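Here is what each chain is made of, one letter per residue.
There are 4 protein chains.
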Amino acid sequence: MRTDFVITLVTALVAIAPASAAQAPNVVKYHATIDTVKYVFGVADPVARLKSGEILDTNTLDCFGNALKKPGDTLSMVKGDNPLTGPFYVEGAEPGDTLAVRILDLQVDGDTGVGALSPGFGALNETNYTPMVHPALPEKVWFYPINHADNTATFRALDSDFTVNIPLHPFFGCIGVAPANGEARSSIVPAEFGGNMDAPEASVGNTLYLPVNVKGALFYIGDGHAAMGDGEVAGTAIEVPLHARVQLSVIKGKTIRWPRFENDQAIMAVGAYRPLDDCVRIAFTELVAWMQADYGLSDMDAYELLSEVARIHLDEMVDPNYVVVASIEKKYLPARKH
Amino acid sequence: MRTDFVITLVTALVAIAPASAAQAPNVVKYHATIDTVKYVFGVADPVARLKSGEILDTNTLDCFGNALKKPGDTLSMVKGDNPLTGPFYVEGAEPGDTLAVRILDLQVDGDTGVGALSPGFGALNETNYTPMVHPALPEKVWFYPINHADNTATFRALDSDFTVNIPLHPFFGCIGVAPANGEARSSIVPAEFGGNMDAPEASVGNTLYLPVNVKGALFYIGDGHAAMGDGEVAGTAIEVPLHARVQLSVIKGKTIRWPRFENDQAIMAVGAYRPLDDCVRIAFTELVAWMQADYGLSDMDAYELLSEVARIHLDEMVDPNYVVVASIEKKYLPARKH
Amino acid sequence: MRTDFVITLVTALVAIAPASAAQAPNVVKYHATIDTVKYVFGVADPVARLKSGEILDTNTLDCFGNALKKPGDTLSMVKGDNPLTGPFYVEGAEPGDTLAVRILDLQVDGDTGVGALSPGFGALNETNYTPMVHPALPEKVWFYPINHADNTATFRALDSDFTVNIPLHPFFGCIGVAPANGEARSSIVPAEFGGNMDAPEASVGNTLYLPVNVKGALFYIGDGHAAMGDGEVAGTAIEVPLHARVQLSVIKGKTIRWPRFENDQAIMAVGAYRPLDDCVRIAFTELVAWMQADYGLSDMDAYELLSEVARIHLDEMVDPNYVVVASIEKKYLPARKH
Amino acid sequence: MRTDFVITLVTALVAIAPASAAQAPNVVKYHATIDTVKYVFGVADPVARLKSGEILDTNTLDCFGNALKKPGDTLSMVKGDNPLTGPFYVEGAEPGDTLAVRILDLQVDGDTGVGALSPGFGALNETNYTPMVHPALPEKVWFYPINHADNTATFRALDSDFTVNIPLHPFFGCIGVAPANGEARSSIVPAEFGGNMDAPEASVGNTLYLPVNVKGALFYIGDGHAAMGDGEVAGTAIEVPLHARVQLSVIKGKTIRWPRFENDQAIMAVGAYRPLDDCVRIAFTELVAWMQADYGLSDMDAYELLSEVARIHLDEMVDPNYVVVASIEKKYLPARKH
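Residue numbers (numbering that gives the first Met the number 0), protein chains in the order written: chain A, 0 to 337; chain B, 0 to 337; chain C, 0 to 337; chain D, 0 to 337.
Okay, chain A solo, but in the shape it has when bound:
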């Protein structure tokens, strides 16, 4: 068991999660199965409840519900895409608050990852929302043996005998809360509530901030990725079940409109919409606002500074909304005011 997380607590959370080595946060364990997963980010009966600051220890199924196991298995065997573990009710969370999710540990929970070309899904082929008169591409499935010893997955070409190892970087493809305004959204959608962001930022060492829209926040996770290229262009990552430990904390009275990530090095704002141009606009206007509110820069100074040092990560361009993360390293920022 990892105990080092207490030491690396990001500064912003100290006040709300005043854990010490002597007084580790309580751990709530929950085991998800294909019979308890959900396929919608929305209001549903919680599978467990946590106090603010407690740690959730749980597992997620892969995006296919663990249905594809060996060559010859087909997408028709999949019951539903992106089964979600949850929802988890966080006590004290109310609309207008922010939920902070510290990702403490992620382990690939199996020996095989899966990539699939699914008709109507992908950035370089016709899809449901960029349809064309071309026939859909044929279904194809790649299996990736996971090597836990050297922390890699192996790509095996289907049409030649080439193989290559890819380092693991496990993260949640799906992580989010119940949406605002009474909406419920499919687990393939990313938006203001988080969701299927396919963000490699949702990995160990980072804290994700999500807007709380309903009482208890109703937190969900799923769609584990062992590794993924920028854009997730063919429609899937190396899809795996995960074992996870995350700490959930409520920041009372702090209101945000879009998901944010943070670690010791950087602040990061998410834009999740279509087209990518608007993702970029969302992420950067959020970042400008963050730099104004918490770091005291004027909007025009923040805009100019970002023009010189910002980073943009295009997370995915295949889901019903696309996802971009805009960030700035803290070393370029004034001292934090709040």
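Hints may contain errors.
The list makes no distinction among identical chains, and a pair is therefore deemed to hold if it is satisfied within one copy or across any two copies.
EDC-like, lysine to aspartate or glutamate: derived pairs with alpha carbons at most 20 Å apart [to be verified]:
#, residue 1, residue 2
1, K329, D160
2, K50, D158
3, K330, E53
4, K28, D44
5, K68, E138
6, K251, E328
7, K50, D293
8, K253, D108
9, K139, D298
10, K330, D149
11, K336, D158
12, K336, D160
13, K28, E328
14, K28, D108
15, K330, D160
16, K329, D293
If you're looking for bench data, these hints aren't it; they were derived computationally from the structure. From a predicted model like this one, the values you see are computed outputs, not experimental measurements.
Here the structure of chain A is known, so what remains is to put chains B, C and D in place on it, guided by the hints.
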């Protein structure tokens, strides 16, 4: 004078530029001034001629023609945007060939960089091509002292007393050739011919490949940047004059449609259009084609592999076309066939 | 009361709604108030039930819940946007069926229409999903006296003394059913389930086809418009309460993916997404598929014929998804096969 | 020959073209052939010169250079796309002026029209600028017999025996001038200078206004269409040679940024870019500015009025830039001030 470039020649160029330490390529020197610059990528009388494999040693003015020098100077003093040094005629280059541009050395040619908020330009405000009924933002200029000793530029906030140093990463904002089909394009435009790509990839250690569209290729450079954030969101980088050394080589009979970059670690394909969604599609379909033609992967295997290990760099979202670079590290590729 | 609708029944509905002048369909009456409206297209307790082929006689509040009545009233008085009348349960409707909605009569239910510039909403200003660093436009409200005698609304300029009359063309801005996959969507969103399409096609003389996603279909209407320009560019139409009569019929076993309209003259396919480019692709691929399935043209012949005679109507570019309707007049089509 | 044009002169032109029935404008005749056409909007030697107010009587080849004549002919027989007749030098035209083009007469100059599915071109298939991994669609050609007696063209399905007549509405697909800033653009591109707008508005009864960018304006026409659907979705209209009469007049000192159309009923602003969202923004901000400058409405009143009565025409979504025309009928406007 640098002599180390011979050692770091990328493999692909060995055949066409078989230089050795004993037999360094010839160097052609040219000095550009505000009276000799051009503002269009097109057919014009060459300012100098090089043989394939020779090295060009020259300078570029900043994007404002070096007109902004001190606080109080305004954009009305600028004669034209993005003055270009060139064109340079490369002997033997003919339509259907590729021009390889190895960037050997780039030095900031001055002590001050400039950033400017120019009305109608920027990713987060109304522009000529995303116009709105909002009034344009007011003009603002930031001056960045260049510290040659520690290789940084200093950002000074206009509205507070915050300053911070930014490491230099000099590159050409403009680099390209005369376009195809008899077109001539303004130096603010990036497209198939290269142009105002604002690509940090156009820096020392990388080779840029450009399609040759007219006899002699007619190569241009300009718009030096000392450093730039992803997206160049406020519309400018830290704009500087540069002193440059680049090696120009013709690859006979090799035809490409879009610019490409390469170094020892990676192959990189450029997509330059609008919206960003289409930039991504252009860059990735080019990369898939490159992986098929030179590395022998099938298109579907290439597509899947990119979904797991590709990188996307959003260079800029402010020019008349936007620019994205999609890349894959060579360590993930089979041995090169050609 | 209108009785002529029996005579103008579109051919496609004859089989499923075999009414005759002697045997008019049953009429179900329902009166909506601010206390019974909904703000989400989703699963909720039905306010009334109809048999397939019956006529619904009901009313809708305007998009502001009838809260803006006179100069000086402000958007802060509005409890929620786009209050919906419904849902109505249609007996026999099951997932995989199609709901046909014949719009028989629409009357403006009041003497004043309202147009409003709402901060963060509109096609030519910064919005929630195309945010910019510009400050939001100030709120403004225009009141349009309705002249029932000559069937016009009067525009009165706020900043000069100009007035002009605009002919009425009443239609539902919101019309739709509960979404698929367990989703629930805000009443400001248009998508596959219909919703806030802001389609002038949703008017008397047209039939709307909607996919049935849940048992009973759960039909909603609201957001009446007295008249609207293409694109609804400033964010609102001439917003009015309506009195409405629509006939709801279930087409068993007929499955569609996107809403469709039809009248005696034309078939029309809806594309509702972002950006407009993808709306156009959705609407036209649906239209090609419709022409293949029901009229026997090959896909390539349908594609070419549309290139010569299709019509595109840009309904709105202001909601979270945009809406385009692509159509072809029946006079250009072969005889219908089904 | 038509003589009625003098009577229907739009009001705006009376001052600059004070013709009377007794004093008809001079006519300049020019005959274009495949040997004199151009493929670029740019600076070239004029083929003829006109005084402001004179009438040009000339012809255009079809977009294939009249190369496709009968079933079995293929696109490989085409020398260049969109051959242009011109340029015509208009005396007195200088940068900053506007060129008014009144379209007086257009006749289909042949007995056959052509439609073609050209690989990499079209709104519903992968293209050069929206590339995908799908193989390109196969080339296909449709021939349309022109019936001059009843003014129709006949569509003949390739894959079934269906035929249908389509009414003729002849217009120029290409109409424009030399671009600004020293640019030269291919004849397949529409932009600020007009060009390949594929606008059915470029037909008899309408006046087109173009910005003058170089001395003499250098006016070009070509790419005649006998009829076309909105969007030109498969990539071509019914392509025909035309015989044309247009009157060219210089409006001194009047500066516009984008093309505009006008007739007795309406004012129309062109937006030509990508994606469609930005075309709409360009066209509407131009229209708002026009309503302010010439009709005295405030910008916010103009915005609101357009939201209720504007029309949007999606001309094409297949060229390197897309084209939208936004318009308002004059009956909704105050009296013109200028």
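Hint by hint, here is what the structure shows:
no.	hint	in the structure
1	K329 to D160	between (45 Å within a copy, 17 Å between copies)
2	K50 to D158	neither (51 Å within a copy, 42 Å between copies)
3	K330 to E53	neither (30 Å within a copy, 42 Å between copies)
4	K28 to D44	within (17 Å within a copy, 36 Å between copies)
5	K68 to E138	within (16 Å within a copy, 42 Å between copies)
6	K251 to E328	neither (26 Å within a copy, 44 Å between copies)
7	K50 to D293	neither (27 Å within a copy, 56 Å between copies)
8	K253 to D108	neither (35 Å within a copy, 43 Å between copies)
9	K139 to D298	between (48 Å within a copy, 12 Å between copies)
10	K330 to D149	between (33 Å within a copy, 17 Å between copies)
11	K336 to D158	between (56 Å within a copy, 16 Å between copies)
12	K336 to D160	between (57 Å within a copy, 15 Å between copies)
13	K28 to E328	neither (34 Å within a copy, 40 Å between copies)
14	K28 to D108	within (16 Å within a copy, 57 Å between copies)
15	K330 to D160	between (46 Å within a copy, 16 Å between copies)
16	K329 to D293	within (12 Å within a copy, 41 Å between copies)
Checked against the numbered hints listed earlier, the structure breaks hints 2, 3, 6, 7, 8, 13; every other hint is satisfied.
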